[in-house]
Amino acid sequence: MTAVNGAQPGYRERTGVAAAIGSLVERWPIHLTLVVIGLLWLLPSVALLTSSFRPANEVLTTGWWNAFSLPFEFTLQNYQDVLSRNNIGQSFINSLFVSIPATLIPIMVAAFAAYAFAWMDFPGRNALFTLVVGLLVIPLQSALVPVLQLLTDLRITGSFLAIWLAHTGFGLPFGIFLLRNFIGALPREMFESAFIDGASPVTAFFRLVLPLSVPAIASFAIFQFMWVWNDLLVALIILGGTPDVAPLPVQIASLVQSLGQGWHLLTAAAFVSMALPLVVFFGLQRYFVRGILGGSIKG
Amino acid sequence: MNTLLMAIIVVVGVPALVVAYIVGTEYVLRLVPETTRPRIRPWLWVAPAFLFLITFLIYPTIRTFIVSLMNARGDEFVGLDNYLGLFSSGAFWQTLLNNALWIVFFTGFVVIFGIVIAVLTDRVRYETVVKAVIFIPMAISFVAAGVIWGFMYNFDPNIGTVNALITAVGGEPLPLLLEWPRNTFLLIVVGIWMWTGFAMVILSAGLKGISTELLEAARMDGANEFQVFFRIILPLLAPTIAVVATTIVITALKTFDIVYVMTGGRFGTEVIGTLFYRQLFTIDNDGAAAAVAIILLLAIVPVMLFNIRRFQAQEAIR
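So the sequences go chain by chain: A and B. Per my numbering, the first sequence starts with residue 1, numbered consecutively. Per my numbering, the second sequence starts with residue 1001, numbered consecutively.
So that you can see chain A by itself, here it is in the shape it has in the complex (with noise of 0.2 Å):
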C-alpha cells in the first residue's frame, strides 16, 4: 500500500542535470497545477495560523497577510486569553477524557465480534456481517433521539459514560468491518497450530490476533480518535453544553456565537482544538490512510 508517505514516480527517471532540466520544462504545467492546488489548500490554514499570533487591534483592523510586512508584530496573548479566560483550557482536558475511552471501548468491542466473525463458525455469520456493513452508513440522525431518551432514562445523560457508550455503539460497525477484514486475511496455519498446541481462543487472541494486528488496530484507533474528538453533533447532544464538560468543538462553537467578531480569540481557539489532531495525523499517517481505505482496496 502506497498512499500519503510512499512515493513511487511513475516515470522512469532519466540521469543528468540536462535531463533533468529537460524534464523540467517540458512538464511545467504539471509543477504548476500542483503548486496552485497546493497554496489554494494551505492559505485558509495560514491565515487563520497567522492571524492567531498577532496583536487584537491588529487583527480587527487589517488583513492578516500584512503581518507579514514590517514591523512585525507577534503575540502569545491571544494563546493566554483563550486559555485562561474561554474555558478553552478546561475543555482540551474534557476532550481527553471524552475522546480516550471512546476509542479504547470499540477497539476492544470490535476486535472480540470481529475475531468471531473471521475465525468462528456460527449459523447467521454471512447475515450478520452484512448487517454491519448495513449500518456503516446508518445516519447519526436516525439513532439519536431515541438514544438520548434511553440515557436520560438511565440518568447518565451530561456525563462522560453516556458519550463512551454513545461512541462506541456509533464507531462499532467501521471497527468491525476494518478489523474484521485484517483478522481474517491471517493465516489460517498459524491458527490450527496454536490450537494443537492446546491454546484455547481466549490465548490464540490476546497472544497471536491482537499483536499481529496491530496495524489495523491503529488505523481504527486514529479514525475514531479524530472521529470523536472532532463530533460536534452528539457531544451537543448528548453532553450539553455547561463548560464543565464540554469539550472543544462544543466550546468553540458556542465561543463563535458569543464572540462574534472576536477573531483574534477564535482563530487561537480554532488552533487549540486542531493542534492535537494534526500531530497524531503527521505522526501516524501511514496507518490514518490504511484506516480509511478499510478493506475497499486490496493495495
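For the record, the hints were derived by calculation from the structure and aren't laboratory data. Keep in mind that a hint or two might mislead.
[Said to hold, decoys possible] Now the stretches of chain B that chain A is said to cover, found in silico as 3 or more residues with beta-carbon under 8 Å: (1) 1039-1050; (2) 1058-1067; (3) 1144-1154; (4) 1253-1260; (5) 1300-1314.
[To be verified] Simulated crosslink set (SDA-like; lysine to any residue; CA at most 25 Å straight-line): (6) B:Lys1208 <-> A:Gly283; (7) B:Lys1208 <-> A:Gly184; (8) B:Lys1208 <-> A:Trp41; (9) B:Lys1208 <-> A:Leu284; (10) B:Lys1208 <-> A:Thr33; (11) B:Lys1208 <-> A:Phe282; (12) B:Lys1208 <-> A:Pro215; (13) B:Lys1208 <-> A:Leu186; (14) B:Lys1208 <-> A:Glu26.
[Said to hold, decoys possible] The calculated label-pair distances, taken between Cβ atoms and stated as ranges, are: (15) B:Glu1179 <-> A:Phe282: 33 to 43 Å; (16) B:Gln1094 <-> A:Leu278: 35 to 45 Å; (17) A:Ala199 <-> B:Leu1031: 15 to 25 Å; (18) A:Trp28 <-> B:Gly1013: 51 to 61 Å; (19) B:Met1220 <-> A:Val279: 45 to 55 Å; (20) A:Leu43 <-> B:Glu1179: 18 to 28 Å; (21) A:Arg27 <-> B:Leu1097: 36 to 46 Å; (22) A:Gln149 <-> B:Glu1213: 56 to 66 Å; (23) A:Leu278 <-> B:Ile1283: 33 to 43 Å.
In this text, a Cβ means the ideal position worked out from N, Cα and C, and glycines have one as well.
Got chain A; can you put chain B on it based on the hints?
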C-alpha cells in the same frame, strides 16, 4: 473526584473490564461439555458488539421510525402527518434542493479534484508534500474549519481574504454568506476543501494498483497522455471511483457541521442535518424531527444496498 485519579481509573479500568469479560466467558464455558463449547463461544464473543449495535443503532432507528408517526410531544399517533407537513412546506423543498446541490457539486468536485491530484502527484518527486497539504483539512474539526472559513468569508475586506481579493481587483465587498444560492455554494467550497484529501488518498492507492507495464505498452503504441488517461486509467479506476463517490454522496446527505457552524441553516442554507437539529431543539417537535431523520435514512438506503452488493461481490472473489 480528583481528575488524575479518574483519568487513571478510566484508561486502565474500562479496557480491563472488557478483557475480564472475555476471559470470564472461557471460565463459564468450562461448565458445559467440550463439544458444545464451539457452538456457544462465538455468541459470547459477538455479544458485547451486538449489545452496543442494538442499543445505539438498531433499536433507536426503529424507535425513530415510530416517533415519526407521532405528534410533536410523542403521545399521539398521527400517521403520515409529519411527512405530509414537511413536504407541503416550501422551506422543506428548499432544504432538499440544498442537499441536491451538495450531492451534485460537492461530490463532483471532490471526485474530480481527487482524480486530478492523484494522477498528477503520481508523476512528481514531491508527491508526499502535496498530499500532506491536501490532506491536512481532514484532520481538522468541522467547527475549526467553520472558524477558518468564516474568517476567509468575512464581509470586512480588512479581515476576510475573499473580499480583500474582490476589492483588490476593484470590486465592492460582498456579504458572502447572506444571499442564496451563493452562500450554499460557498459552504460547499468548504466541504470540498475538507474532503478532497479523502478522495485523493483512496484514488491514489487505486492508481498505484494499475500496472505500469500496461501504461508503458499503451505509450509505446503511440497513445498520448490524454488517451492513456481516458482510455486506460479512468476505466480501470472506475470501481475505486464508485467507492469514493458513494462515500461522498452519503457525506453530502448527512452534512451538518459546516452549515451549523457557519450559517446555522439561516439565509436559505438549511440542509436535512440542520433541519433535524432545529426541529428537535428549537421548534421542539420530536415527531417532525424523527420524520426528517427517516427521510434522510431512506435517501441513504440505495447507497447502502449498493455498498452491501459491492461487499458481497468482493467476498465472492476472496
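Broken hints, numbered, in rising order?
Of the numbered hints, all hold.
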